[in-house]
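Colleague: Protein sequence lines correspond, in order, to chains A and B.
Per this note's numbering, numbering of the first sequence is gapless, rising by one per residue and ending at 306.
Per this note's numbering, numbering of the second sequence is gapless, rising by one per residue and ending at 472.
Among the hints, a few may not be true.
[As the list claims (entries may be wrong)] With a straight-line cut-off of 20 angstroms between C-alpha atoms, the simulated SDA-like cross-links for lysine to any residue are: (1) B:429 - A:169; (2) A:251 - A:151; (3) B:323 - A:80; (4) B:358 - B:134; (5) B:114 - A:152; (6) B:114 - A:168; (7) B:282 - B:325; (8) A:251 - B:117; (9) B:284 - B:93; (10) B:117 - A:280; (11) B:117 - A:168; (12) B:423 - A:151; (13) B:83 - A:250; (14) B:114 - A:80; (15) B:406 - B:282; (16) A:251 - B:282; (17) A:251 - B:83; (18) B:117 - A:167; (19) A:251 - A:236; (20) B:117 - A:169; (21) B:114 - A:298.
[To be verified] Partner residues aside, some chain A positions facing chain B, computed with beta carbon under 8 angstroms: (22) 149; (23) 153; (24) 158; (25) 166.
Just so you know, these hints were derived from the structure itself, not from any lab.
The structure presented is a predicted model; accordingly, all values stated were derived computationally and were not measured.
We treat Cβ as the ideally placed atom computed from N, Cα and C, and that holds for glycine.
One letter stands for each residue in the lines below.
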Amino acid sequence: MKLIGRLYRHAPLATRNEITPKLGFALTVLLALAWLIPFLWMGVATLRPASDGINLMAELVPSLKPTLDNIRDAWEIGDFPRYFLNTTIICTGILLVQFVTITLAGFAFARLDFAGKTPIFYLFLMQLMLVPVLLIVPNLRLVAQLGLYDTLAGVMMPFFASAFGTFLMRQAFEAIPTELEDAALIDGASLFQRIRHIYVPLSIPSFSAFAIISVTSHWNDFLWPLMVINSPDKRPLTVGLSVFTRTAEGTQAWGTIAAGTLMVIAPLLITFLIFQKRFISSFVTSGIK
Amino acid sequence: MLFSRRLMLGLAMAGALAVPALAGEGPTEIDLFFPVPVDGKLARDMGTLIKEFNNGHPDIKATAVYTGSYDDTLIKTRAAIKAGKPPSAVIMSANFLLDMQIENELTNLDSLIAADDTTKEKFLGQFFPALQGNAVINRSVYGVPFHNSTPLLYINADKAKEAGLDPNKPPQTWAELTDWAKKLTKRDGDKVTQWGIAIPCAYDYCGWMMETLTMTNGGRYYNEEFGGEVYYDTPSMLGALTWWSDLVSKHKVHPPGATPGPAVSTSFISGNAAMMMLSTGSLTYVRENAKFNYKVAFIPRNVRNAVPIGGASLIIPAGLEADKQKAAWTLIKWMTSPEKSAWWSRATGYFAPNMAAYKTPDMIEFLNKNPDAKTAVEQLDVAKPWFATYKTVPVRKTLEDEVMLVLNGKKQPKEALVAAQKAADELLKPYNAETSLKLP
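Starting from the given sequences, assemble the full structure and let the hints guide the process.
Modeller: Structure, rendered in structure tokens:
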């Protein structure tokens with residue numbers, strides 16, 4: 018209660034003396050704790066020496082003799098720097114191409130007139146309802162025919178176009194007043210100049226919201242990279258990590274798993290902590306909550 | 033001038049000829065797909081094993097490719113075959129072979145065996161007879177057993193003594209097991225502080241445990257000779273599921289809900305569960321982590337002693353070039369040799385399928401030090417092949433989904449088994465229609 022009181026003193030002045038906000042604030046703190054516990058456990062388990070035995074594995078109280086053994090073990094089993102690099106290449110590669118395709122497609126659906134525009138748009142949206150697993154075999158066959166089997170480009174290719182991104186950008190572009198474009202038209206701006214100088218800068222929040230969703234989903238994707246990649250040096254983080262988390266016959270080294278998981282999520286977590294404010298505001302302005 | 037032009041032409045032709053020749057002279061590159069069945073350090077052990085093979089065979093360059101769980105490995109292998117990039121060899125869950133053979137995805141190994149100047153009988157004779165059911169289909173060899181398992185009963189001997197039970201006389205029947213579990217369960221009011229027994233139920237494991245219980249109840253889970261029939265809605269199966277669900281809801285000596293394997297082994301190691309049924313594949317883990325005396329025993333029976341085989345075999349997918357096929361065969365023979373399979377068995381806890389492995393000096397010494405590793409081998413006398421049908425995984429999942437509902441207290445055993453049978457029959461229909469009869 019004391020802690021809540023102390024935290025509470027930093028709450029906005031206007032809501033300080035009301036009962037419901039107080040209750041709401043306490044609930045928020047509780048919820049935050051519930052979210053925090055797995056992370057805490059991961060940190061504690063990572064530093065726990067194996068000599069503590071499995072009995073203490075579920076304890077949240079840190080060990081008195083913390084050790085870096087688990088981290089070293091995980092580091093040795095997996096070539097983590099390489100996995101990081103691969104995942105980063107995959108995520109940025111996909112995102113960069115997506116930015117181009119969703120901008121152009123979103124613009125076409127928002128502002129251009131062409132035959133069958135509405136049915137084509139609905140076809141696009143229908144894609145969102147397909148489970149990605151369904152497409153594994155046809156996609157893989159195509160990737161192999163293009164000579165991209167066992168390459169990072171093969172992992173990226175199916176995601177270059179994004180139905181969700183197209184939809185998001187269409188909504189964002191439609192919200193921009195046409196008068197701005199008309200003014201640019203009078204000044205003699207070409208189609209691409211209009212997109213570049215009017216639509217793109219005004220939709221930055223939507224772009225960053227999309228970037229977050231795209232990066233996190235591809236950062237976490239397991240099955241598709243597992244299908245495409247054979248060479249150990251081309252594995253992304255998820256596949257590398259699963260080498261020691263997926264078991265069939267019932268045993269697990271929790272300390273190593275915790276250490277590995279920590280290494281995998283750390284970059285995303287740190288990025289989020291640094292850009293927290295901007296991330297949240299981008300979701301608010303783009304209408305995703 | 034003429035001379036030099038001719039020279040140039042000659043050089044170019046020589047060059048053109050030399051390129052394919054050079055490519056042919058390099059080592060044959062092959063991929064081995066492997067799932068990680070026990071824990072992460074084994075991925076490293078697998079790397080060590082393949083490196084040793086490559087050093088000893090300069091004309092072959094094998095790469096070990098990690099492919100997830102057994103089920104993921106099947107998906108990846110199938111997708112790779114369909115994409116025209118089949119791997120050269122795969123460590124495949126032993127019960128997937130039939131389904132793959134039905135789909136024409138496997139290389140028949142008979143001719144490779146014949147090319148070695150040996151007979152099928154001699155080749156198969158190296159392995160425990162119980163394993164052959166999952167390796168031989170229609171009298172042809174399609175798989176080579178690599179690491180195999182049977183379920184075992186693990187007992188916390190300290191807790192048993194504490195409860196006045198003799199760990200040297202483990203329970204032999206279901207009735208005795210129920211009795212032990214009751215005595216080993218500790219309660220604090222309504223709250224259970226120590227469970228008598230835990231049996232895993234997660235995808236893959238759940239079906240295996242149901243097969244175990246059904247077999248020890250005198251029944252069978254599927255048609256061993258024909259891939260189109262499962263026997264879910266039968267008295268022996270109903271008895272098995274009722275006994276399991278009674279442990280949970282009637283006697284309250286088994287934690288409720290479907291518990292995955294790692295949670296079961298963790299709760300056994302931590303003393304939260306006094307007994308567990310788990311694969312011998314977990315034995316090394318238990319040996320290294322248990323801070324108490326433990327015993328390993330046969331799975332108790334109701335009608336008869338019986339266990340299904342588990343684990344994995346090595347296969348060669350269909351559609352490979354001849355040189356890759358030959359290289360993969362060399363790798364498979366090397367990996368299943370007595371020394372290598374004994375080494376792998378000691379590292380994992382799986383038993384070595386090659387009988388000669390148990391005659392190697394290292395293994396004899398190891399067994400003297402760790403007599404608990406013998407139980408699974410002794411149990412092989414009553415072992416039977418592992419569940420395998422057309423569309424093995426979906427057919428297995430129909431039962432697993434229903435068993436999970438029962439263990440969660442959401443369904444009664446009888447209605448669950450009827451539903452599972454119906455769903456499985458639906459999946460098996462195309463195969464039955466194509467093979468045994470024209471269904472109406």
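Colleague: Next, verify each hint and record whether it holds.
Modeller: Consistency of the hints with the structure:
Annotation: proposed proximity of residue 429 (chain B) to residue 169 (chain A) is violated, straight-line Cα distance about 33 angstroms (limit 20 angstroms). Distance hint between residue 251 (chain A) and residue 151 (chain A) is unfulfilled; the C-alpha atoms sit about 24 angstroms from each other, more than 20 angstroms. Restraint check for residue 323 (chain B) and residue 80 (chain A): the C-alpha separation of about 18 angstroms stays at or below 20 angstroms, so the hint holds. As the CA atoms of residue 358 (chain B) and residue 134 (chain B) are separated by approximately 23 angstroms, the hinted pair breaks the 20 angstroms bound.
Restraint check for residue 114 (chain B) and residue 152 (chain A): satisfied, since their Cα atoms lie roughly 13 angstroms apart, inside the 20 angstroms limit. Using a Cα cut-off of 20 angstroms, the hinted pair residue 114 (chain B) and residue 168 (chain A) holds, with the two alpha carbons roughly 18 angstroms apart. Of the supplied pair hints, the one linking residue 282 (chain B) and residue 325 (chain B) is violated, its CA atoms being roughly 30 angstroms apart against a limit of 20 angstroms. Between residue 251 (chain A) and residue 117 (chain B), the direct Cα distance comes to roughly 17 angstroms. Compliance with the 20 angstroms bound is thereby established for this hinted pair.
Between the alpha carbons of residue 284 (chain B) and residue 93 (chain B) the distance comes to roughly 55 angstroms, so the proposed pair goes past 20 angstroms and is violated. In summary, the hint linking residue 117 (chain B) to residue 280 (chain A) is not supported, as the alpha carbons are separated by about 32 angstroms, beyond the 20 angstroms threshold. About 13 angstroms separates the Cα atoms of residue 117 (chain B) and residue 168 (chain A), which keeps this hinted pair within 20 angstroms; it holds. Restraint check for residue 423 (chain B) and residue 151 (chain A): the C-alpha separation of about 17 angstroms stays at or below 20 angstroms, so the hint holds.
Proximity of residue 83 (chain B) to residue 250 (chain A) is assessed by CA-CA distance (about 16 angstroms); at most 20 angstroms being required, the pair is judged to hold. Among the hinted pairs, residue 114 (chain B) with residue 80 (chain A) is inconsistent with the structure: their alpha-carbon atoms are about 50 angstroms apart, more than 20 angstroms. The straight-line distance between the Cα atoms of residue 406 (chain B) and residue 282 (chain B) is roughly 35 angstroms, outside the 20 angstroms bound, and the hint therefore fails. Taking the CA atoms of residue 251 (chain A) and residue 282 (chain B), the gap is near 52 angstroms; set against the 20 angstroms cutoff, the hint is violated.
About 19 angstroms separates the Cα atoms of residue 251 (chain A) and residue 83 (chain B), which keeps this hinted pair within 20 angstroms; it holds. For a cut-off of 20 angstroms, the pair hint linking residue 117 (chain B) to residue 167 (chain A) stands: about 10 angstroms separates their Cα positions. The hinted pair formed by residue 251 (chain A) and residue 236 (chain A) meets the criterion: a straight-line CA distance of about 14 angstroms does not exceed 20 angstroms. Note on residue 117 (chain B) and residue 169 (chain A): the hinted pairing holds, with a Cα-Cα distance of about 16 angstroms set against a maximum of 20 angstroms.
Proposed proximity of residue 114 (chain B) and residue 298 (chain A) is contradicted: the alpha carbons are some 46 angstroms apart, above 20 angstroms. Taking 8 angstroms as the C-beta cut-off, the interface hint given for residue 149 (chain A) is violated, the closest approach to chain B being about 13 angstroms. Nearest Cβ of chain B to the Cβ of residue 153 (chain A): about 6 angstroms, under the 8 angstroms cut. The hint holds. Because the smallest distance between the Cβ of residue 158 (chain A) and any Cβ of chain B comes to about 5 angstroms, under 8 angstroms, the interface hint for this residue holds.
Below 8 angstroms, beta-carbon pairs count as interface contacts, and residue 166 (chain A) has one with chain B at about 5 angstroms; its hint therefore holds.
Figure legend: structure checked against the earlier numbered hints; hints not met, in rising order: 1, 2, 4, 7, 9, 10, 14, 15, 16, 21 and 22.
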